[in-house]
Amino acid sequence: MRPTLAEIGLGPGKKGRLHRILFRHGLGNGTALFLPYDQGLEHGPRDFVANPAAADPRYIIRLAIEGGFNGVVLQIGSAEKFYWDYAGEVPLVLKLNGKTDVPPETEALSPLHGSVDDAVRLGADAVGYTLYHGTPAAQADFTQLRQVREDAHRLGLPLIVWAYPRGSAVDAKGGRDSFYQIEYAARVTSELGADVVKVNFPHPNKRSGVPAAYDREVSTQDAVNAVVHSAGRTLVLFSGGEKASDEEMLERSREAMEAGATGLIYGRNMWQREHDDSLRFVARLREIMAKYPGN
Amino acid sequence: MRPTLAEIGLGPGKKGRLHRILFRHGLGNGTALFLPYDQGLEHGPRDFVANPAAADPRYIIRLAIEGGFNGVVLQIGSAEKFYWDYAGEVPLVLKLNGKTDVPPETEALSPLHGSVDDAVRLGADAVGYTLYHGTPAAQADFTQLRQVREDAHRLGLPLIVWAYPRGSAVDAKGGRDSFYQIEYAARVTSELGADVVKVNFPHPNKRSGVPAAYDREVSTQDAVNAVVHSAGRTLVLFSGGEKASDEEMLERSREAMEAGATGLIYGRNMWQREHDDSLRFVARLREIMAKYPGN
Amino acid sequence: MRPTLAEIGLGPGKKGRLHRILFRHGLGNGTALFLPYDQGLEHGPRDFVANPAAADPRYIIRLAIEGGFNGVVLQIGSAEKFYWDYAGEVPLVLKLNGKTDVPPETEALSPLHGSVDDAVRLGADAVGYTLYHGTPAAQADFTQLRQVREDAHRLGLPLIVWAYPRGSAVDAKGGRDSFYQIEYAARVTSELGADVVKVNFPHPNKRSGVPAAYDREVSTQDAVNAVVHSAGRTLVLFSGGEKASDEEMLERSREAMEAGATGLIYGRNMWQREHDDSLRFVARLREIMAKYPGN
Amino acid sequence: MRPTLAEIGLGPGKKGRLHRILFRHGLGNGTALFLPYDQGLEHGPRDFVANPAAADPRYIIRLAIEGGFNGVVLQIGSAEKFYWDYAGEVPLVLKLNGKTDVPPETEALSPLHGSVDDAVRLGADAVGYTLYHGTPAAQADFTQLRQVREDAHRLGLPLIVWAYPRGSAVDAKGGRDSFYQIEYAARVTSELGADVVKVNFPHPNKRSGVPAAYDREVSTQDAVNAVVHSAGRTLVLFSGGEKASDEEMLERSREAMEAGATGLIYGRNMWQREHDDSLRFVARLREIMAKYPGN
Amino acid sequence: MRPTLAEIGLGPGKKGRLHRILFRHGLGNGTALFLPYDQGLEHGPRDFVANPAAADPRYIIRLAIEGGFNGVVLQIGSAEKFYWDYAGEVPLVLKLNGKTDVPPETEALSPLHGSVDDAVRLGADAVGYTLYHGTPAAQADFTQLRQVREDAHRLGLPLIVWAYPRGSAVDAKGGRDSFYQIEYAARVTSELGADVVKVNFPHPNKRSGVPAAYDREVSTQDAVNAVVHSAGRTLVLFSGGEKASDEEMLERSREAMEAGATGLIYGRNMWQREHDDSLRFVARLREIMAKYPGN
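Residue numbers (the working numbering), protein chains in the order written: chain A, 20 to 314; chain B, 20 to 314; chain C, 20 to 314; chain D, 20 to 314; chain E, 20 to 314.
It cannot be assumed that every hint is accurate.
Claimed, not checked - Below, a list of computed lysine to aspartate or glutamate pairs in the EDC-like style, where the Cα atoms sit at most 20 Å apart:
(1) Lys118(A) <-> Asp104(D)
(2) Lys262(B) <-> Asp234(B)
(3) Lys118(C) <-> Glu293(B)
(4) Lys118(A) <-> Glu126(D)
(5) Lys310(A) <-> Glu261(A)
(6) Lys34(E) <-> Glu169(D)
(7) Lys192(E) <-> Glu124(D)
(8) Lys192(A) <-> Asp234(A)
(9) Lys118(D) <-> Asp190(E)
(10) Lys118(D) <-> Glu61(E)
(11) Lys118(B) <-> Glu26(B)
(12) Lys262(D) <-> Asp241(D)
(13) Lys192(B) <-> Glu210(C)
(14) Lys192(B) <-> Asp136(B)
(15) Lys192(D) <-> Asp120(A)
(16) Lys100(B) <-> Glu26(A)
(17) Lys225(E) <-> Asp170(E)
(18) Lys225(A) <-> Asp170(A)
(19) Lys192(E) <-> Asp104(D)
(20) Lys225(D) <-> Asp190(D)
(21) Lys310(E) <-> Asp265(E)
(22) Lys225(B) <-> Glu293(B)
These aren't lab readings, by the way, just hints derived from the structure by calculation. All of these numbers come straight from a predicted model, not from anything done at the bench.
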């Protein structure tokens, strides 16, 4: 069951901003579809080869507006230079940390490059932070997250945490997409104070090195249910990762909403295709999301 | 001519929040109708005698939502205790200073009781500040306003200034409602960095002690035009003051919008009457405002 | 003799910004013609009656550019909302304090409404401060000036002080335009750390209540010479005050430059007339200033 | 297409200072030629062997003035001791970090030695920061850059980022001059909030270890185009690196301007030769840049 | 050529304090002889074995006074406890950082133990800081130096930097005494904003691992000349290091002064001998320095 905004202990700033995102944009029914655009930093311009127009942040922000998204996710530089033109037309989620994929990820850590004060100044309605669950660099990661959480609390901005299992220890225990690690990551994020958590879809068949409790047959739906359940009063978004087939994404989306997720956050699956095709895919997602209204 | 949001030198936070107020609430056509509710501090509970229900902030916030207002104005205490329930449903303008009407107003000054950080934390979309134009206490007043302006700039919140001529010197030169003082107040507020200025309707027939340039016959419309013109790129709201007849208020409202004002901010004229009567009055105001769309 | 920039003890920021103002704008010969526009706050919109177009800050900034001025002086609000369009085309002097003319001036004080940090952020090349020489409110005035001076030093911005004799004691000793008070004001400002001082033209015939040394026949030129001499290594600008005849202003200007003033700062004499007439007047001033190059 | 200053989301300070650099110095046509002089720290005095006169910062600053450069880049020490004489004659870019080439670059990081406040105090028109894209020391690098970006925003100074791929991971994936790493570096810098990015010319034939999308035949012009495109609204400068033949540099320069770069920043290619030869080379560069005016 | 105090961009505090050191103490001819006394921390009491009296800071301060030194260099503890008796009789240079020689120097860093505020409080006329050129710990070193430089600027104290090549990378490229590393260190220190740099005498025959430009025959005088030249407007002091023969020290001193150095800073060569012998050695140094007056 998806929690309601009135029951999850939020102050007025967080509650009001989440209300705006969930009920005054997109379908306005308490669900959310976000358009993330941090890949230029995370993976580099190679992600724009499939649809060169997507290299331009204006294209992405316009797509978010035309597609009726509940928010667009930008890094500080793109927000500073491109959001101004469209300020207020679609909610902004300011991503506060990020890293390139050049160095290896054995000690994964995503350094801060922006602040909650930046987010307020830019008129963002939420902030995003990537936590690398299981990384040997957890001390630096927790320290950064604590600062962001405190600032987000002080200024009343919802905190959305990208919860990604990463690092040498994760590789040895199920891997980054395993049900075990994804569920654990959702729980950790909830325990650390996120208002919303973004996770990848769990793969219950990845069991190499997982604890005994996870070394059994689990349906995808049950795994998704468990992830949402473990997140408690932290709202859950499922992300898409690399581009997959539309039918697969739609089925995953249905499972997510069925499990009580608040919504979806699809980037490459959204804009690594031609513009009108993106809008058609959005329309199909909205059909699904319309069946799961919240309050 | 009313300035557009794109041309008045705003950063993304101020632009986005004004866009939200002007284009995603109320008529959504770039005009604004605000519901101010600072009278419990400014005048005391005597203002609620005409309609005892109005003593309850919930009544006022609900009225703002039902009436499709572009914002409700609350002091810090009412915002803390009552806005939570409705956070995000109607924009909040947090009024940051206020005073009682117990001491005389010869050296009028409205002390700060809240901060822009409070406003951000509560999810407000703008802050309000009362400047007493012409007061002998100008040094304290300018100092307070400077702090609020700097914080509002830093955090990207629009600054709405209540520009009220007050004090012994004002009384000797036209008085608080004179065309001379109102226009001067609008100009001063613009020079001091307000994004929006709220003034009372000017009375061009109040000429006792005014400079020669103002000691002549001027129509009400010309006076209103002059006030809006003198405010430059600072958006103008006209306020109602004490309750007057509906026809008078509607005529004034028409003149204000005709002059290029962005909107109206009516309190006692709005809620010192029965609930449904308030909504009927709102409907008539919206008819007028619909004729003056902006962009 | 006008001091050179290399000999007056400036750090690189102040020297570079003054070099820019004096040698890369206007005539580029070390003289300066400034266009001040603080009258909307100081006197109110009545100053714009003679030429209503001048109520629009854009008109003034454009006039400064077209007329080849060395700088335009704006208050914080006009700078925030109007300078952006023309940023870098003409140097900005941000005026940091100001007052209305509504209360009496017996205890004249001009409260701060902006900061040197604001000036830097807006790309201003200098800051302006009004000091009321002789006011009973000197303690507050000196305190404000001290803060501005320290910040201007820290950030390397030239400090231009409007040195105006004001207050009940000044009225009793020569008055605000007397040679005695003007020269004293220039000296005080220099002693308090201004880089540039702006004074009105001294009237040596105003001798009521002045000390014995000033109670004698002095030519206007000698009085102007004395003011410049008393300012030492603080550069001197003469201001125009209320509109006077062109011939009178030109003669005064010649005297000022002859005395070693760095330049002129004329507002109402400049823009209380029709646009092309302003440019013709500028051309005649530039003829005079071209005869007094500095280095 | 080179972005215009009016469309890239700049506040008045950044816009005014960039206007000054691009339109009031050099060719004044919106292009820029910078003279960097950080090699004494980065490589040591050995870089001055080819032209011993270049060891003297005065020689370099004078060359910048005589050659009509749009700016000279100095470290804090040279700026403190040598810029004063020429303050305001040529824009100063204060480089805020730097390192020697004594230790190995596997974990490359360029420590801060100056601040944006220093830059303002010295009258600089922009600040420079070296980001080592791909370095294992990214957390410290991002942290430093974030502080510089926030201060530059607060004080209105344009931020120019030297974006250099470096470190063991870069060496394994294309290397520091590869098209892949240069384009990625330009994008990262844009995402992190630089106003201007300085990159070396990309070498599309360096493909060892690059992602599949880059493992193909690409012309130099197409690679340069891609780098400028990926930088979005961040203006691009191409740097020269070690001294090469004039014809090669001129051809590279033409390609850069053709791609929409804002300009060039050549150090060793400029001053590792005799004085008059430097000016002749500048003249040829200006011929190219004159063909690519901006607005 | 030694720079004059009037041409090196100093504010009045730094200029006045250097004037006091250079022209009102010692020979009073613009040269300087300093007595450093940081060896108790750097090497421990073993340095006092040769002359046990030198273990007493009083002995050293008296020697500085009797010998007519231009300054004595003390760490915070010695300054606190011993300078009081002689305050004002000989200028104090407060050394702000230092380290023991117990750990290896592969990642050499000299931690701060005092502040510029301490120096002002103690009446010091300058501060000293040790920078380890080429150390892998450059980030911490630059960060400390930046703070000291900013404070010294703010408070007007001259900053003397001990520029010592150190660390594993230095050892591999010429070593700590090589001409290459010493010249590079002088240049780096100048670029980082030192007013005075203290270096050891360069050894041009140490060429193992140096860049090609340094792998050639160079006379000692030419090397010393190059070091002074590379320091630009940063005044240069040569230090003595371990005790050597008097004739060798005198020849080195003559070369240093001939090259344009401002002076000498000899510790162990001065006080690791009997008292009167020290004074005789000082007398011979003064004979040399008297031949190189500055202005």
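Check whether the Cα positions of Lys118(B) and Glu26(B) lie no farther apart than 20 Å. Status violated; Cα separation ~35 Å.
Can the restraint linking Lys225(A) and Asp170(A) be considered satisfied, given a maximum Cα separation of 20 Å? Violated. Lys225(A) to Asp170(A) sits at ~37 Å, over the 20 Å cutoff.
Does the alpha-carbon distance linking Lys192(E) and Glu124(D) stay inside the 20 Å limit? holds (15 Å)
Check whether the Cα positions of Lys310(E) and Asp265(E) lie no farther apart than 20 Å. Roughly 19 Å separates the two Cα atoms, so the pair holds.
Sort out whether Asp136(B) lies within 20 Å of Lys192(B), counting only the CA atoms. Not OK: Lys192(B) and Asp136(B) at ~37 Å, beyond 20 Å, violated.
Would you check the hint for Lys118(A) and Glu126(D), treating anything up to 20 Å between C-alpha atoms as holding? Holds - the C-alpha atoms of Glu126(D) and Lys118(A) are around 15 Å apart, at most 20 Å.
Would the pair Lys262(B) and Asp234(B) pass a check requiring their Cα atoms to be no farther apart than 20 Å? violated (28 Å)
Would the hint linking Lys118(C) and Glu293(B) be met if the CA-CA limit is 20 Å? violated (44 Å)
Taking only the CA atoms, is the gap from Lys225(E) to Asp170(E) under or equal to 20 Å? violated (37 Å)
Hinted pair Lys118(D) and Asp190(E), Cα distance within 20 Å: holds (18 Å)
Verify the proposed pairing of Lys192(E) with Asp104(D), using a straight-line Cα cut of 20 Å. Distance of about 37 Å is beyond 20 Å: violated.
Quickly compare the C-alpha distance for Lys192(D) and Asp120(A) to 20 Å and report which way the hint goes. OK: Lys192(D) and Asp120(A) at ~11 Å, within 20 Å.
Against the hints set out earlier in the document, violations occur for numbers 1, 2, 3, 5, 6, 10, 11, 12, 13, 14, 17, 18, 19, 22.
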